[in-house]
Amino acid sequence: MNKGIVELHNELKSKKTTSEELVKESLKLAHDCQKLTNSFVTILDDAVGSEVTDDLLSGIPYGIKDIFSTKGILSTGSSNTLKDYVPFFDATCVKNLKSHGAVAVGKTVLDELGMGGTGTTGHTGVVKNPWDTSRMCAGSSAGSAASVAYGVYPYALGSDTGDSIRKPAAYCGIVGYKPTYGMISRYGMFQFASSLDTVGVLSRSVEDAAIVVDGMKGIDENDMTSWDSSNIHLYDSLKTVKDKKLFYIKEVCDIENYENPSEELIHHLENFKETVKKCESLGFSVEGISIDKTLLNALPSVYVVISCAEATSNMSNLTGISFGPRGNGDSPKEIMKNHRTVGFSPLIKRRFVIGSYVLQSENQEKYFNNAKRVRRLIVDKMNELFEKFDAMIAPVGIGPAKYLDNSKNMLSEDTAVLDELLQIGNYGGYPSITIPNGFVSNLPVGVNITGKVKDDQNVLNIAYTLESSMEYKNQLARREK
Amino acid sequence: MAYKAVIGLEFHCEMKSHTKVFSPSINGYSKLANEYVSPIDMAFPGTLPVVNKTCVRKAIEMAMILNCKIPEYMEFDRKNYFYPDLPKGYQITQFYNPVGVNGKITIDVNGKEKEVLIHDIHLEEDAASLDHYYNTSTIDYNRAGVPLLELVTEPCLHSADEALAFLEHVRSIYQYTDISECDTKKGQIRADVNVSIMEEDATEFGTKVEVKNVNSFDAIRQTIEYEIKRQSKLKDEGRYDEVVQETRRWDDESCTTIHMRSKADAIDYKYFREPNLPRFKITEELKEDIRKSIPELAYERREKYINKYGLSEYDAGVLVKSKKVSDYFEECLHLGTDAKSACNWITTRVLAEVNKSEDTTIDDVFVRPNMIYELVKLIEDKKITNNQGKEVFIHMLEDHLTPKEIVKKYDMEIIEDEGLIDSLVSEVINENSQAIEDYHNGRTNMLDYMVGQVMKKSKGKANPVEAKQKLLEKIK
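If you're matching them up, the sequences are chains A and B in order.
Residue numbers for the first sequence follow the working numbering, beginning at 1 and rising by one.
Residue numbers for the second sequence follow the working numbering, beginning at 1001 and rising by one.
Only chain B is shown next, with the shape it has when bound in the complex (with noise of 0.2 Å):
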């Protein structure tokens, strides 16, 4: 039998920033242990933190966009607990008072809007991270004290396709705002997952199941799957009282969730109040500021795209989906390159080349905006045909020259020399006395044959159309 699945998501991300959260070490990935460490980020006797104040605009900013409730005062509060990774035996985070409330959001879920409620948003640090071998295990300081922020959804959701395309959205804010990267492949998301269910017509939530530590996409997605799929069938068999508030984690290699503690042994944190921190009173000058440095989010720049360039809701689409690959495109725009050439030389030529490999992005291919904008203008002018386009595009990434001088090495400009053109038109006439009869005997495609000639003599560099203009005008 189908149940309702009621979805909550906590979703940590870790931000950007010159420095951490708390300290003043650098906030970076590195692969070299304990590179980015002070006394305060491993909690020497007699450190203090000192908040980062870029991570705490940036946590408005965040707040804002998820439309919640902000503060009268920034407030830090004490998580305590003893753990090896944990070297304050406290985590500083926003425990009373966090920085966004009562948010909301509207997303798109395959073509259908949904309205995602925000329980709260907040700023917190990360902790060291742990590598375990068979007898010992290692403590890297990296990441401690690297910045988080984590949102909080009510629990709104219903399906695995809801969620992934919150997150998604969530994803595209984050990095278009460049308050994170959300590179799961620096380890720069986390979420943990609350699943229950109930049936369809009913009133009262099912018992909540939190899976923790979920740290890709593909894993929430496929937590969410298991765990609906788990609970159903417990209820289904009448053993729903098997389901039992609990925190499990999400194991990669059996693609299941294993039990990680019962509720009884939940962890009584000890909230209070940081005293090092005094609170921070967040002015309306403030908010003000922050409102007014908020950049254009992917949505909007759908919007721009279709409207204004007259792209297809698909290419736009396409091209928003990164920042990055959006910000090529404006780039390209800004340099004068007319957009649906743009958009198509980045959706065909430009994306392939990012997709050939995991580890690529834009930014890797050597084909620049100032390249596609020289190239799109070498066309518009005539220089080079469109094919010819093609075949520089491919040249531009196996030479690295520019459109320019991959059409001078390559000798490629178009003959603009209409005499010459028109000799070569004679040429082939001449050589070709039986094509032309057969030609007009019906025979069409004789005519593109005779351009063949043309353009095989002139070494590709004729203009065809201006070639058949010309042979047409000759054999009439």
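Okay, chain A solo, but in the shape it has when bound (with noise of 0.2 Å):
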């Protein structure tokens, strides 16, 4: 199982292993890994393999986040108010994975309806860090990312609507890809912030992250801002290149902006900076540019406003009136509101507040329509650099994994830009990627690499060719000591 798929595939084809194998290891790691981390909400121990075809996804175990509809199969958007939630109907990526003959073996915890950055507000309780337990796994794809790193299977569903996929997987030391918005049908997964959510996968080589794509991705008739991807064949076009032109943002990724650095920041940018000289070195031109101060800071509110305001709508189908636990009271208002009092976590009903206030027809036009317009400012930005450059490249985060005991974390107002820095994939759709670039502290970091739209092939090329010049493809968390 610490293998990729193509390995998988060809051990399948050959008849060395076979699916009904996969499947049992799989699903035997997924409850050592379930001990270790805490990262399944559901592990489908009645799994069975599937028919072996010339499809590489075929007969290949994966995990879903539980933020998908499985038909058949509890979906909690590791919420209380969706406890018991067993859908009818099959997310489209699922279906259409289904339809490739890949098989799920578990749903895997996120951060509660995908809203939050630790993977510790789920409601099964806290995901560790498979390299360290006293380490988050960040999120809100947790459990996805820390059992692709544990090595349970090959890859995993994601969702990302601000960096869900993209800092998990730098946090665990693995790929994970959000492709450009619209690519891959949003049809069942259950919606946080409309205008950001993104589905992707989690894996551990970016071979791997295209296969699954490719598997997932087509127009949907379900989801009118899907978009029709078949002329893009992602893997069959993977391939070393050169002569790209990157560019990275002076303001976060140098040293000497921030006033008092933590070790663990010095050494992340150190990090950093060694792989933006691997890249000149690979034949890529890498240019620092300047952004304007003021934009960039406005970076993490303009998504606390947006995300918070969609999600409080999307989310005001939770009443446990047609579905979900039926709350209790002497009329509908009460019934609902006992519903979502007792079933929201604390830190959800703070974003809800935060999303009616900034939509109040007399907050909107300072908040949320501001919001917006300096979202489009971001995106006009990084649009014209696109023009000049194939990608940016940046650090994820402000160094590795952040510690459970949020007392021992170090927070200071200078880092909050560079920790939401990915957050600008999701503004503008981009195609984006996180790739494994080295350890500080022992445990691993991350790159990314986020490009044009409709450019995913350009950014996954970037991503395999860098991906090649390191050690870290197909790494596990669970090394052999």
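You may find that some hints are simply not true.
[Stated by the list, open to error] Cβ pair distances, simulated, as ranges:
#	chain 1	residue 1	chain 2	residue 2	range
1	B	Asn1213	A	Tyr403	52 to 58 Å
2	B	Asn1034	A	Asn383	43 to 49 Å
3	A	Asn231	B	Glu1154	49 to 55 Å
4	A	Lys245	B	Asn1034	54 to 60 Å
5	A	Pro325	B	His1158	16 to 22 Å
[As the list claims (entries may be wrong)] BS3-like mimics (lysine-lysine), calculated; alpha carbons at most 27 Å apart, straight line:
#	chain 1	residue 1	chain 2	residue 2
6	A	Lys250	A	Lys381
7	A	Lys381	B	Lys1281
8	B	Lys1079	A	Lys372
9	B	Lys1079	A	Lys349
10	A	Lys372	B	Lys1281
11	A	Lys95	B	Lys1053
Keep in mind that the hints were calculated from the coordinates and are not lab data.
Keep in mind the model is a prediction, meaning the values are calculated, not measured.
Ideal Cβ positions, reconstructed from N, Cα and C, are used throughout, including at glycine.
Assembling the complex is the task here: the two chains are given apart, and the hints tell you how they should meet.
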């Protein structure tokens, strides 16, 4: 199970192993991983192998973030409001993988309904980092990241609204790929912030990420924001490239811009600069560019305003009326109120309050509309840069995985923008991929490549080239000592 | 004292379409609850709306007929509020950029022309329906997601007559364009009625009262009349400060309006753009295509009936009042029936059948346009008499047979054998020498008596005109 998809496929085809054996092994590892990390809401113990065909995904087990609707299988969104919800339809991406013969073996924990970046707010408890259980996985795709890093299966599905695939991938030392917005249908993915939400994958190699997204993507009549990508074949077109032009944002990547940087941040950014050098040695050009600090500083608040506003509306369907546990009360209003009061964690409620506040008619212009305008300014700036460059390269987060015990984390205001930088990918719907690029404090750290809309191939090829020059491809957290 | 009333209407109408406006469920009327439901209508997690293109086309069509300004893009917004009949917790509607704004349309109010200003028209979805029982309520999702067009007028109407004339006009357009059946029995229309009063020469509007969810034309008329009376009485009594900006509802049982909520309790709907529906460009080509598909409307047909077919204004009005009746008439014409004859049969006999019961439409009448054509043809060709025609019509309804079949069954065909009529006429003359004498002495009605005798002998199959003529010739 510590192998990539192509290798597993070859073993299946040559009958060195069977789908049944892979599924059994995967389930056993899932239980082991669960003990260590608490990555699963549901382990599908009755999963069975599937027919092995010429399809690379056939017969191979994988995990599904519990934010996806799965027919006949508990789908909780890691929320008490949906703790017993068993849908009667599959999300389009799950349906697509099923038709390729992929075998789901587990539903993974997330931050409640995708809202959160710590992997600690799911209704089944905290997800721990398999590299160091005193550390977090980040979120919201925490269980998917931890289980892939643990080696339960070669890949798991994730969703990404701010950096929910790409940051957990970095914290767990694996690959996290968020394709262009709409490349994969969102139908059946519990909505968080519709204009930012993207379906993606966590894997241990760029190659696997390409294979899985090839298997999920495509225009879907159930999602009007999906688009036809039938002329794009990510895996077939994957190749090493050179002569690519990359840029990084000096304001967040240069250590001299931080007043009292932590040791981990210093090492993280040094490691990033090493990667930049590596890029140059591979034939890429990398240029440090400047972006107006005011615009950069607005990044996190734009995210809070837009994502909370959309979330508060999107999650208004969670009333316990047509599904979910029925609340107590003498009137429909009280019943709905009770369901939501009991069901949601305080963090979610806080976000709903923010979302409602910024949408109120007297506040909407000042907060929500301004946030949308700033989002547009950021996207315009990025698009302008993408005219000149193939992609942006950026360090992921401000260091390796943070401690679960928050008091041990060094937090300062001037690291906020770097910590939230990947949200740019969601503002513009850009293809964006994180790959591991080394270690800080004996924990993995990641680097991110983000490119222009629908230019996924270019982004993947750059990441693939960089990955090939480093030694972290297919690395597992469960390192044999 | 009489005050000037100022009325604005928000008229909601369920659209006709195969599927709902944002889901693939059937848009249909069913007595069985929750028959037409998909995961989208119940807002199961992860479901997304997909807009029904036919509804978009029809919405643009209606906006054009109302002479509205059409926006460059079709866009939708969310109206957020919690209610058990609203599965998503928001309604998808058009708030910021409706499909039509600033329209106007000329209507006829008791023979006078009146221009009604349209604030906007927008496409949205209906909520589920709730049924309340003693200590429980049930939800029926059949209606959740049914397409609605909401038409909002400017406060430019001044009487219940004007409001009703406008609504009748709009209903006729909806029916002629097949956008909606506007069937109140199926709950397809609802109106919010805004009423205020002011002194005749005042320049500022009075306090506006909104009456929500009035669901029949009758109730709309009563609501307006009641509110004008209520507000006028308070003003007369010097208690106009008791007229407050509030939302009321019409109560069918007491025939009054009842307070629902005050302005202070107004909900902030937190409208914002629906991010799941990308905006859609309304191109010139699309607009042109839709414009071409607008059918002939009631007032256009009415003009045609008067000017081209020479019908009276009254008859033309009766025919176009219902599209089904007008279509029936058009079908008669299409088959080649003489317009005036067809009109006579429809406005007298056919509509008499329709009016026998509230539940009957012209579609339910056994006599179809092809039978009207056949019947008129039989009379024109003098196969039967006019009076026989009326009998044939009655028999058709009773026996469910075509005119020709009726004529055959009851042996009604006029005798065309002149020799036979001659001999019948001779027989009658021979048997009625006294009557002939009386006739010559000035009792002219004796001629009709003898025609009657000929008819009797022929069992009604002789042509009475012919019989009369022959009698006259012989007794001269």
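Structure-based check of each hint:
For Asn1213 (chain B) and Tyr403 (chain A), the Cβ-Cβ distance of about 57 Å falls inside the hinted range of 52 to 58 Å, so the restraint holds. The hinted range of 43 to 49 Å is satisfied by Asn1034 (chain B) and Asn383 (chain A), whose Cβ atoms lie roughly 47 Å apart. For the pair Asn231 (chain A) and Glu1154 (chain B), the supplied restraint of 49 to 55 Å holds, since their beta-carbon distance comes to about 51 Å. In this structure the supplied range 54 to 60 Å holds for Lys245 (chain A) paired with Asn1034 (chain B), their Cβ-Cβ distance being about 58 Å.
As the Cβ distance of Pro325 (chain A) to His1158 (chain B) is approximately 54 Å, the hint placing it in 16 to 22 Å is violated. With a CA separation close to 15 Å, the supplied pair Lys250 (chain A) and Lys381 (chain A) stays within the 27 Å bound. For a cut-off of 27 Å, the pair hint linking Lys381 (chain A) to Lys1281 (chain B) stands: about 26 Å separates their Cα positions. Distance hint between Lys1079 (chain B) and Lys372 (chain A) is fulfilled; the C-alpha atoms sit about 19 Å from each other, no more than 27 Å.
For the suggested pair Lys1079 (chain B) and Lys349 (chain A), the alpha carbons sit about 20 Å apart, so the restraint of at most 27 Å is met. Straight-line distance between C-alpha atoms of Lys372 (chain A) and Lys1281 (chain B) comes to about 21 Å, which keeps the hinted pair within the 27 Å bound. Between Lys95 (chain A) and Lys1053 (chain B) the alpha-carbon distance is near 26 Å, which keeps this suggested pair within the 27 Å criterion.
Of the numbered hints stated above, the single one contradicted by the structure is hint 5.
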